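Asker: Taken in order, these protein sequences are the chains called A and B.
Mapping of the first sequence onto our numbering: residues 287 to 683, in sequence order.
Mapping of the second sequence onto our numbering: residues 180 to 233, in sequence order.
No lab work stands behind these hints: they were computed from the structure.
Bear in mind that the values here come from a model prediction, so they are computed numbers and not experimental data.
Note that CB positions come from ideal geometry on N, CA and C, so glycine has one too.
Please note that a few of the clues may not be correct.
[Said to hold, decoys possible] Straight-line C-alpha distance at most 30 Å; calculated DSBU-like pairs for lysine-lysine:
id	chain 1	residue 1	chain 2	residue 2
1	B	Lys208	B	Lys181
2	B	Lys208	A	Lys349
3	B	Lys208	B	Lys225
4	A	Lys349	B	Lys225
5	A	Lys350	A	Lys420
6	A	Lys341	A	Lys426
7	B	Lys208	A	Lys350
8	A	Lys350	B	Lys225
9	A	Lys426	B	Lys225
[Stated by the list, open to error] Ranges between beta-carbon positions, derived for each pair:
id	chain 1	residue 1	chain 2	residue 2	range
10	B	Glu232	A	Gly533	50 to 60 Å
11	B	Asp193	A	Asp600	43 to 53 Å
12	B	Trp209	A	Gly533	49 to 59 Å
13	A	Ser380	B	Asp215	32 to 42 Å
14	A	Gly614	B	Pro219	41 to 51 Å
15	A	Pro556	B	Met230	45 to 55 Å
16	A	Asp600	B	Asp211	26 to 36 Å
17	B	Asp215	A	Gly570	26 to 36 Å
18	B	Asp215	A	Gly573	35 to 45 Å
19	A	Pro384	B	Met230	45 to 55 Å
20	A	His486	B	Ala226	36 to 46 Å
21	B	Trp209	A	Asp639	33 to 43 Å
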Amino acid sequence: MTHRTVIVGAGIAGVSAAAALRSAGYDGTIDLIGQEPELPYRRPPVSKEIVRGDKSADEIRIKKAEWYEQQGIGLRLGASVVGLDVDARAVRLSEGDPLLYDHLLLATGGRARSPWQAAGVRTLRGLADVPRLKDELAAKKAVVIVGAGLIGSEIAASARGLGCDVTLLETASLPLPRLLPPELGQMYVDLHRAEGTDLHTGVMVSSIEDHDGQTDVRAVDGRTWTAPVVVVAVGMDPHVELAEVAGIVIASPADGGGIVVDDRGRTSAPGVFAAGDVANQPNGVLGGRHRVEHWQGAQNHGTAVGKVMAGGDDAFVEVPWCWSDQYGANLQVAGWPEGSHDMVVHGSIADRDFIAYLLDDGVVRGAVSIGRPRDVRSARAWIGDHARLDEVLEPSA
Amino acid sequence: MKRWECQQCGFVYDEAEGWEEENIPPGTKWEDIPDDWTCPDCGAAKADFVMVEL
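Bound conformation, chain A alone (with noise of 0.2 Å):
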């Protein structure tokens, strides 16, 4: 009997988890099932080149349309899946026949997090929330941004470099403050205000309102600002309904959410996978759980999976990576530097072009560079491998 494999979500995890069955040798049926009716694309570039106006969205596609064919990978594209039952291992869509599985892959990420819902309010995690604020952004409209992590920045950056005022809101005391230790927070607070971007920390939101056409982003301390259009950058929520219906493990929100897996991808259901975002996995370096938001995690965990899924048995081990550009200046986070560590500093901060090692009694844990994507490289096996910087450094660097 032929087997047939499922994937709901058509970001990175998914397709990369599609890839890897084919490239394994799976000769079953593949149906990739997609929410967005997009062909599947970059999400990265979303907040950057595509906001912008400087890639069009067919420049950012993960495959050509031929690829899906050629692989026989039955792509659904613009296909909302309504009920998953685990027992009958079959997937409801909103149309059509039920698509019953063998194995069956929950990819399905996540949405942006908006707690207001004012009319000028907006999120972006997708390519359909891009042709308004880019117009928007375009027209040089004013624009406040709430949440100074990875997409506020971005956003922000890209907004201050079509000509717009900008001011970015932050809660806590620094921008970035899931991904950089203080002294590095630092430099993108010096970093936003050379390039005119109104950056205010420790700000906490108490409402976002409608005025008068404009919108109000009122502050618990009783500041205000107004501008026409307010984008809220707050972080994103897992997609896990599909899979918290059908009685599958869903992790606390206190433990990061999203659907639980062992280091293989597996859910609680028996041939049920979860990849990319919406995956609380464990921690195969520094051991608890995490749930990772970054490109690269979601493709490889989807490659990963994909090989389990097609009958390997690698458990998933890798150092969190991530880059972002702001401003020009190409950023790259490796492993766990967010928390309180030492840290040894290669080159300038000031001149942004630096690597910083945070260390945990000399064991390398985190590094953050601008400019020197090879040492970042070379960083991201040393965390993997607990290494003592003392021991893994060139006397010469």
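Given the structure of chain A, go ahead and fit chain B onto it with the hints provided.
Answerer: Frame of chain A, contents of chain B only:
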């Protein structure tokens, strides 16, 4: 010898150094790298690289 940077993630391919991990020897010119080669870091396509002066 030229250097090519991935426009997505910042990875730099240096013709002088090649890319040992994938058996691309030092001195390999950009045009001699297969078109289906992808960025070792982020998986972006060869077409997503641009030549950089460093």
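Asker: Determine for every hint whether it applies to the structure shown.
Answerer: To see whether the hints hold, each was checked on the structure:
Taking the CA atoms of B/Lys208 and B/Lys181, the gap is about 8 Å. The hint holds against a cut of 30 Å. Of the pairs offered as hints, the one joining B/Lys208 and A/Lys349 holds, with about 25 Å between alpha carbons and a cut-off of 30 Å not exceeded. Taking the CA atoms of B/Lys208 and B/Lys225, the gap is near 13 Å; set against the 30 Å cutoff, the hint holds. This hinted pair checks out: A/Lys349 and B/Lys225 have alpha carbons roughly 13 Å apart, not beyond 30 Å.
Among the hinted pairs, A/Lys350 with A/Lys420 is consistent with the structure: their alpha-carbon atoms are about 25 Å apart, no more than 30 Å. For the given pair, A/Lys341 sits about 19 Å from A/Lys426 by alpha-carbon distance, which is consistent with the 30 Å threshold. Of the pairs offered as hints, the one joining B/Lys208 and A/Lys350 holds, with about 26 Å between alpha carbons and a cut-off of 30 Å not exceeded. A threshold of 30 Å between alpha carbons decides the hint, and for A/Lys350 with B/Lys225 the separation of about 14 Å falls inside it, so the pair holds.
At most 30 Å may separate the alpha-carbon atoms for a hinted pair to count; A/Lys426 and B/Lys225 exceed this at roughly 33 Å. Distance hint check: the CB atoms of B/Glu232 and A/Gly533 are about 57 Å apart, consistent with the given range 50 to 60 Å. Separation of B/Asp193 from A/Asp600 is about 31 Å and departs from the stated range, judged on CB atoms against 43 to 53 Å. Roughly 52 Å separates the CB atoms of B/Trp209 and A/Gly533, a value that falls within the hinted 49 to 59 Å.
Judged by the Cβ atoms, the range 32 to 42 Å given for A/Ser380 and B/Asp215 holds: they are separated by roughly 36 Å. Checked against the given bound of 41 to 51 Å, the beta carbons of A/Gly614 and B/Pro219, roughly 23 Å apart, lie outside it. In this structure the supplied range 45 to 55 Å holds for A/Pro556 paired with B/Met230, their Cβ-Cβ distance being about 51 Å. Separated by about 32 Å at the C-beta atoms, A/Asp600 and B/Asp211 satisfy the suggested range of 26 to 36 Å.
B/Asp215 and A/Gly570 have their C-beta atoms about 30 Å apart, which keeps the hinted 26 to 36 Å range intact. A beta carbon spacing of about 38 Å between B/Asp215 and A/Gly573 agrees with the range 35 to 45 Å that was offered as a hint. With their beta carbons about 51 Å apart, A/Pro384 and B/Met230 fall inside the hinted range of 45 to 55 Å. A hinted range of 36 to 46 Å holds for the C-beta pair A/His486 and B/Ala226, which are about 40 Å apart.
Checked against the hint of 33 to 43 Å, the C-beta distance between B/Trp209 and A/Asp639 comes to roughly 24 Å, which is inconsistent with it.
Going down the numbered hints, you'll see the structure goes against 9, 11, 14, 21, while the others check out.
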